[in-house]
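**Student:** One-letter residues, chain by chain:
There are 2 protein chains.
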Amino acid sequence: MKAAILGFGTVGVGVYEMLQAAPGLDVGLVFVRPGKDDAPFKTSELDRILSDPTIDAVVEVMGGVEPAYSYVSACLMAGKHVVSSNKALVAAHGLELEALAREKGVGFLFSAACGGAIPFLHNLALAVESDRIVSVGGILNGTTNFMLDAMQTDGSQYADVLRQAQQLGYAEADPSADVSGLDALRKIMLACAVAWGKLPVEGLLHEGIESLTAEDVAHFMGKGLVCRLLASASISENGKLCAFVQPMLFPAGAPETSVKKNFNLAKYHGVNSGDILLMGQGAGRYPTASAVLRDLSDIRSGRRAMFPAGLAAACADNAEVLCRYYVRTERKAAALFPFAEIEDDNVVVRGVTKPVSVKLMHETASRLRKDGMPIFFAALED
Amino acid sequence: MKAAILGFGTVGVGVYEMLQAAPGLDVGLVFVRPGKDDAPFKTSELDRILSDPTIDAVVEVMGGVEPAYSYVSACLMAGKHVVSSNKALVAAHGLELEALAREKGVGFLFSAACGGAIPFLHNLALAVESDRIVSVGGILNGTTNFMLDAMQTDGSQYADVLRQAQQLGYAEADPSADVSGLDALRKIMLACAVAWGKLPVEGLLHEGIESLTAEDVAHFMGKGLVCRLLASASISENGKLCAFVQPMLFPAGAPETSVKKNFNLAKYHGVNSGDILLMGQGAGRYPTASAVLRDLSDIRSGRRAMFPAGLAAACADNAEVLCRYYVRTERKAAALFPFAEIEDDNVVVRGVTKPVSVKLMHETASRLRKDGMPIFFAALED
Chain A
28 MKAAILGFGT VGVGVYEMLQ AAPGLDVGLV FVRPGKDDAP FKTSELDRIL SDPTIDAVVE
88 VMGGVEPAYS YVSACLMAGK HVVSSNKALV AAHGLELEAL AREKGVGFLF SAACGGAIPF
148 LHNLALAVES DRIVSVGGIL NGTTNFMLDA MQTDGSQYAD VLRQAQQLGY AEADPSADVS
208 GLDALRKIML ACAVAWGKLP VEGLLHEGIE SLTAEDVAHF MGKGLVCRLL ASASISENGK
268 LCAFVQPMLF PAGAPETSVK KNFNLAKYHG VNSGDILLMG QGAGRYPTAS AVLRDLSDIR
328 SGRRAMFPAG LAAACADNAE VLCRYYVRTE RKAAALFPFA EIEDDNVVVR GVTKPVSVKL
388 MHETASRLRK DGMPIFFAAL ED
Chain B
28 MKAAILGFGT VGVGVYEMLQ AAPGLDVGLV FVRPGKDDAP FKTSELDRIL SDPTIDAVVE
88 VMGGVEPAYS YVSACLMAGK HVVSSNKALV AAHGLELEAL AREKGVGFLF SAACGGAIPF
148 LHNLALAVES DRIVSVGGIL NGTTNFMLDA MQTDGSQYAD VLRQAQQLGY AEADPSADVS
208 GLDALRKIML ACAVAWGKLP VEGLLHEGIE SLTAEDVAHF MGKGLVCRLL ASASISENGK
268 LCAFVQPMLF PAGAPETSVK KNFNLAKYHG VNSGDILLMG QGAGRYPTAS AVLRDLSDIR
328 SGRRAMFPAG LAAACADNAE VLCRYYVRTE RKAAALFPFA EIEDDNVVVR GVTKPVSVKL
388 MHETASRLRK DGMPIFFAAL ED
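Residue numbers (my numbering), protein chains in the order written: chain A, 28 to 409; chain B, 28 to 409.
Pulled out of the complex, with its shape left as it was, chain A reads as follows (with noise of 0.2 Å):
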């Protein structure tokens, strides 16, 4: 099987140099920007890869939701199999993409948008075709595991291990998509549609690490604590779903609490096959190559869909779901949480909440901060 690849950046090299080693898949032409088409491999024409009858499948590597959206359109259209790693497009185009690949006939993969190198969507996926999953979950973004460790190994202040993983390269120059949970978000849309064949477009809840400090960890770390950021979603019995990304703190021996550096975890329950957990490198070239040219593999097995049939854009409702959240903020603003047990030096107040709602725990946080006030919140594991 022939693949072309859109896009040559970091992916896109990977791809390219693995595709060259892997025996019964061979690499076609790469599309790159006019003017970056300074070898033979490359083209800036993207009907050369259109209009090639040798080439089955496309690898589309650019990242972001347009052009890859127009470009990914048209493979599928003229019968090639694609596989992305692009998670922002397949969270904003999935449906459409979907539709269009099954209509064509051909195949639409995309494990490596959701994990890196962890073969997540990819089980999750062949797990649904025989069980039921009820929840999905885990830590998808390497960035922010990275910086929560280093906060918990070595004790720093956010700034400094926001500083250091921009210099390791596993944060970029405006980290925003990372540390608010953006990012782990778009992930577990992508998990949501493949376990229940709906993708959340509405109501989902994102609170990231931002407001994390030294202290807090300090805090936490005094009661054997350990803070990750979890991306959760389930779907109760009649139907109605939930996913939202929060801080959440584990206790010592939890597998979360093994996940060291830019590793992610990726998690689902399935009422037969029980708790799956996997962990591996979610970012970087190599391990993200690996996980495009498993599906290009698995495309090759016949393999066609990720998505199962029926894919549907669905609304999340995170007002059922209960936890118990660690809350941080300034002492009058105290009374808005129901704490069950609290810290006060008389400015800051740390405590434990009863169980309240997601909902409702993330909208009072962003209140509270359109008023100015500082808070950081994490659920508890329970």
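Hints may be right or wrong, so weigh each one.
Which copy is meant is left open, because identical chains are indistinguishable; a pair holds if it fits in one copy or across any two.
Claimed, not checked - Below, simulated SDA-like cross-link-like pairs (lysine to any residue); rule was C-alpha separation at most 20 Å, straight line:
#1 K250 with G196
#2 K29 with A346
#3 K288 with G301
#4 K288 with P278
#5 K288 with D181
#6 K288 with D409
#7 K29 with L195
#8 K63 with S328
#9 K288 with V298
Keep in mind the hints are simulated off the structure, nothing from the lab.
Fit chain B to the supplied structure of chain A, relying on the hints for placement.
**Tutor:** Below, chain B alone, put in the same frame as chain A:
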């Protein structure tokens, strides 16, 4: 796709129930021993399955080498896909069964034979197609993990946790295959065959947990270490295979220490993907049945083989892998070990050796035991 089932024990009943609920999969006849065919869906005549053109696949969940081998061979000969959960069968006759399945163009998958619900062999087989795997391994026996976890948690003696495991149905009346490491060894043999096309048949070493005492556990815990039974295999640049099972000690925070009760952890390292770890339930009715159904789905999607083409028998050579070992033995045997540090109470010595080969360590222990001398050893993670 309609699947018949050979065997109606714990896993067989789970497969039967799951097949009735899975869309796109149907259940055919269930093969049982004469006299047990007390319902219309059961038969004790294999020919009724072999000659039924509506049966596409056969699930073998009988266990044991014979008559499973004869029956599975007959099913493949008759052009049926086969999914097996039987590690003893695949370890003993994988070569012949693989060759027969390829000749007949049918699928032969056996994810459930290694790791239970964990999609280990499935992902390994897929990874092999585009990545170079350099090591495989993990905690592949749930019985011993339950026992080790209980000894660590309660400070119990070996005999007490074995009895507890038997009462809970985690250990068999004759637990020797589990506690000696033989069960884990059979599973790592399958992983070697999937990863490298080499089914190791000679030179394998397995040390179980039968010599572990509550005093050893107290000693490890004092040093912050946790004992797990690890199966390990790797391949050198020049194609030399090593494969063995032995207790290992891990520091707190290592993923292996988060594997509780009878859970399993399987891992592989690919040159491109890096470390991939998978955790889940390694046994039980529905977890194992879920792996069987995943394999059936995989066959339905077009996948045929789990072993790579050109599978061959191989010898393991454990002379070149070096480990530092924790050793507890009698004082008079201490001179046999190159201790780097040692604690001596005049009767028993406990110490950590300089790096020694796996082969030498296992052989020395075996020689000592022949002389009636007690010894426990566990490798340190370096």
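**Student:** Confirm or reject each hint.
**Tutor:** Evaluation of the provided hints:
1. When the C-alpha separation of K250 and G196 is checked against a cutoff of 20 Å, the pair qualifies neither within a copy, at 32 Å, nor between copies, at 36 Å.
2. In this assembly of identical chains, K29 and A346 lie within 20 Å of each other by CA distance neither inside one copy nor across copies; the values are 48 Å within and 42 Å between.
3. With identical chains, the CA atoms of K288 and G301 are at most 20 Å apart between copies only, with a shortest distance of 14 Å across copies and 27 Å within one.
4. Proximity of K288 to P278 under the C-alpha cut-off of 20 Å is found in both arrangements, the shortest distances being 18 Å within a copy and 17 Å between copies.
5. In this homomeric assembly, K288 and D181 come within 20 Å of each other (Cα to Cα) only inside a single copy, at 12 Å, whereas the closest approach across copies is 32 Å.
6. Proximity of K288 and D409 under a CA criterion of 20 Å is satisfied inter-copy only: 18 Å between copies versus 25 Å inside one chain copy.
7. Neither within a single protomer nor between protomers do K29 and L195 lie at most 20 Å apart by alpha-carbon distance, with minima of 34 Å and 53 Å respectively.
8. For a Cα distance limit of 20 Å, the shortest separation of K63 from S328 qualifies neither inside one copy, at 34 Å, nor across copies, at 39 Å.
9. For the identical chains of this complex, K288 and V298 are inter-copy neighbours only, at 19 Å across copies versus 31 Å inside a copy, given an alpha-carbon limit of 20 Å.
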